[in-house]
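Enquirer: FYI, in this note's numbering the residues of the sequence shown are 1 to 166.
I should point out that these hints are in silico values taken from the structure, not numbers from a laboratory. Quick caveat: nothing in here was measured; it's all calculated off a predicted structure. A portion of the hints provided could be inaccurate.
[Claimed, not checked] Below are the DSS-like pairs computed for lysine-lysine, each with C-alpha atoms no more than 25 Å apart in a straight line: (1) Lys-118 - Lys-106; (2) Lys-130 - Lys-118; (3) Lys-118 - Lys-129; (4) Lys-74 - Lys-86.
[To be verified] Simulated restraints, written as ranges between beta carbons of each label pair: (5) Lys-86 - Phe-56: 32 to 38 Å; (6) Leu-93 - Lys-118: 34 to 40 Å; (7) Phe-47 - Glu-72: 32 to 38 Å; (8) His-97 - Lys-118: 29 to 35 Å; (9) Ile-149 - Leu-111: 50 to 56 Å; (10) Gly-49 - Leu-87: 54 to 60 Å; (11) Lys-130 - Val-104: 38 to 44 Å.
Glycine residues also receive a C-beta, built at the ideal position from the N, C-alpha and C atoms.
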Amino acid sequence: MASLLLKPAPLSRVNAAAVRSRMFSTSRVFLNEVGAAPVQKKPVGGFRGGIVGFLFGFSLASSYAAYHLLDEFKQASAALQVSVEKLQQSTELVTAHVRRIEAVEKDLKALGNASASKDDISRVRAELKKLYEGLHVEFLDLRTHVWGIQQDVHSLSKKESSSVSV
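Could you put together the complete structure from these sequences and hints?
Expert: Shown next as structure tokens:
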């Protein structure tokens, strides 16, 4: 039977049409593979291709989104780290200011304990006034005493000048 198939047939109109639309079973590849079942390619349907395309696009978009999310996370972490470092520096500055304020308060308390109060100053002022008034009274007493001595010396000098003979 295979010899009949290989024998060329006279060309006619009917045969010419058959040659143009050659059957799959009469192709050269099929004739070489005698006894093998023909392998049919499954056509890729629109639905199956759509699912594969959707899954490919979704995985590509997901990986792109994950990359950008990771990048934003790194940027946010870096910004947070910078913020924490600035907060630490400002905390150190505030701590230094608090220490200085505590030292100034300690010095002020020591000066407050060492300095005199208003009552102490008014008491010392009153004592100073009493002392000044006492010195003024003594000065006036001394002056009157010296004036009295001057008067006595003056009166004696007048008496002696009249009784002195030369």
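Enquirer: Hint by hint, say whether it matches the structure.
Expert: Each hint, compared with the structure:
For the hint pairing Lys-118 with Lys-106, the CA-to-CA distance comes to about 21 Å; that is within 25 Å, so the pair holds. The straight-line distance between the Cα atoms of Lys-130 and Lys-118 is roughly 18 Å, inside the 25 Å bound, and the hint therefore holds. This hinted pair checks out: Lys-118 and Lys-129 have alpha carbons roughly 16 Å apart, not beyond 25 Å. Distance restraint check for Lys-74 and Lys-86: the Cα-Cα separation of roughly 18 Å lies within the 25 Å cut-off, and the hinted pair is therefore satisfied.
Distance hint check: the CB atoms of Lys-86 and Phe-56 are about 45 Å apart, inconsistent with the given range 32 to 38 Å. At roughly 38 Å, the beta-carbon separation of Leu-93 and Lys-118 lies within the given 34 to 40 Å, and the hint holds. Remark: the range hint 32 to 38 Å for Phe-47 to Glu-72 is upheld by a beta-carbon distance near 37 Å. Roughly 32 Å separates the CB atoms of His-97 and Lys-118, a value that falls within the hinted 29 to 35 Å.
With their beta carbons about 53 Å apart, Ile-149 and Leu-111 fall inside the hinted range of 50 to 56 Å. A hinted range of 54 to 60 Å holds for the C-beta pair Gly-49 and Leu-87, which are about 56 Å apart. At roughly 39 Å, the beta-carbon separation of Lys-130 and Val-104 lies within the given 38 to 44 Å, and the hint holds.
Going down the numbered hints, you'll see the structure goes against just number 5.
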